[in-house]
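In the order they appear, the protein sequences are chains A and B. For the first sequence, the positions run 45 to 220 when our numbering is used. For the second sequence, the positions run 27 to 144 when our numbering is used.
What the hints contain is simulated information worked out from the structure, not anything from laboratory work.
So the derived label-pair ranges between C-beta atoms look like this:
(1) A:Leu126 / B:Ala62: 27 to 35 Å
(2) B:Leu42 / A:Leu126: 13 to 21 Å
(3) A:Leu99 / B:Glu134: 37 to 45 Å
Since the model is a prediction, treat every value here as computed from it, not as a measurement. For every residue, glycine included, the Cβ atom is placed at its ideal position computed from N, Cα and C.
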Amino acid sequence: MAAQTQTRNRNRTNLLLDASSFLAFLLVTAPHFTGMAIHEWLSVALGAALITHLLLHWSWLASVTRRFLGAATSIARLNYTLNALLFVCFTVALFTGLMISETVLPLFGLSLGHDGLWEQLHRLASDACVILIGLHVALHWSWIVNTTRRLFARRSSRSAALPESPAVPTSQEVLR
Amino acid sequence: MKIVFRTLAILAAALLVVAALFAFRQTSYGQSLASAGHDRGGFSQEAGSPGTTTTPRIPPAGFGERGGESHGPNLFAAVELLKNLAIVAVSVTLIALGTWMVRRGRREEQRPLPPEPL
Chain A
45 MAAQTQTRNR
55 NRTNLLLDAS
65 SFLAFLLVTA
75 PHFTGMAIHE
85 WLSVALGAAL
95 ITHLLLHWSW
105 LASVTRRFLG
115 AATSIARLNY
125 TLNALLFVCF
135 TVALFTGLMI
145 SETVLPLFGL
155 SLGHDGLWEQ
165 LHRLASDACV
175 ILIGLHVALH
185 WSWIVNTTRR
195 LFARRSSRSA
205 ALPESPAVPT
215 SQEVLR
Chain B
27 MKIVFRTLAI
37 LAAALLVVAA
47 LFAFRQTSYG
57 QSLASAGHDR
67 GGFSQEAGSP
77 GTTTTPRIPP
87 AGFGERGGES
97 HGPNLFAAVE
107 LLKNLAIVAV
117 SVTLIALGTW
127 MVRRGRREEQ
137 RPLPPEPL
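The following block holds chain B by itself, in its conformation from the complex:
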């Protein structure tokens, strides 16, 4: 029962985010973005809808880019996966290095000074 309530709490939090998204969509900026998308042309519905001959334009690339002509798996696109793995690896390396340097600095500060020569 506890798990059910907790799951519902998580889903409620997610619902709040979705509500915020819909609220954003109602703003003039959101609507202009939505209509800009219509003008630009999509990659799925237009490509698949019967009777249309428009060529969909590939959306600009991102880490998680979608779209393009191919919808099936493509082994050569493993570069995408490696790129994201590299981003995570860089984050881990930078933070681990930063943490190590901070700890080392603290250790140096805590180290007792050598006794002064008589």
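For reference, chain A alone in the conformation it holds in the complex:
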């Protein structure tokens, strides 16, 4: 029972963090919509969210890293490769974004000269990120739907004083 509650809480935390990160990502990819200052600061916050996301899924990350060439399932391998690519693209986008920053770095008294390479890489990496995020969401779609459904079903069953539905496995347990 305690384990079930723990899984539910973990699922809820993951879902909330992932949903807000996704929303932030969408806003970050539209700098004209948000304005450059929000674009830059939100990107930095998204970097922190990415680290938190990785920390929350560390056990899956460690276990697939260990058995990537051995006993890992093909879906886990695909997911791992996609995540690694996403990490690289996101790091490139974030770093090159900082290198051409107009708000964040100048605030700390740093001003770098204009560099066409960083700008081109920034654009390329953010384009790749959009596609990879789409694939990432697609691979976890059934988990997203199931967890959201259970979360809302739980709320409605609570209000109707019905017994709670069993917990869904975490997204990484599904892809293990």
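With chain A's structure known, arrange chain B on it following the hints.
What follows is chain B alone, placed relative to chain A:
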């Protein structure tokens, strides 16, 4: 303590990517790209630097395009956001549809054949 080490491991991985970027920048191709950017003109430093009258050219568009004349928020640019949302939606739809078809195919294969008439 465990979290600190894990965070450091993630940052170290990110640092490797950054090191690879700098290594790429040192190559002749990277340097030609960097100088091409100088020739083309930027959107921020040149526009904001005092004493210059050059008009910055808008860089080619991408999903995450930057630059342009306006640096403040623009509600009409919500199209950018919708475009990216559409890309994600298309990816999800295609993959969900593909997965559903594969599962359905497997189910069809596993379904026992009807008994032959006597």
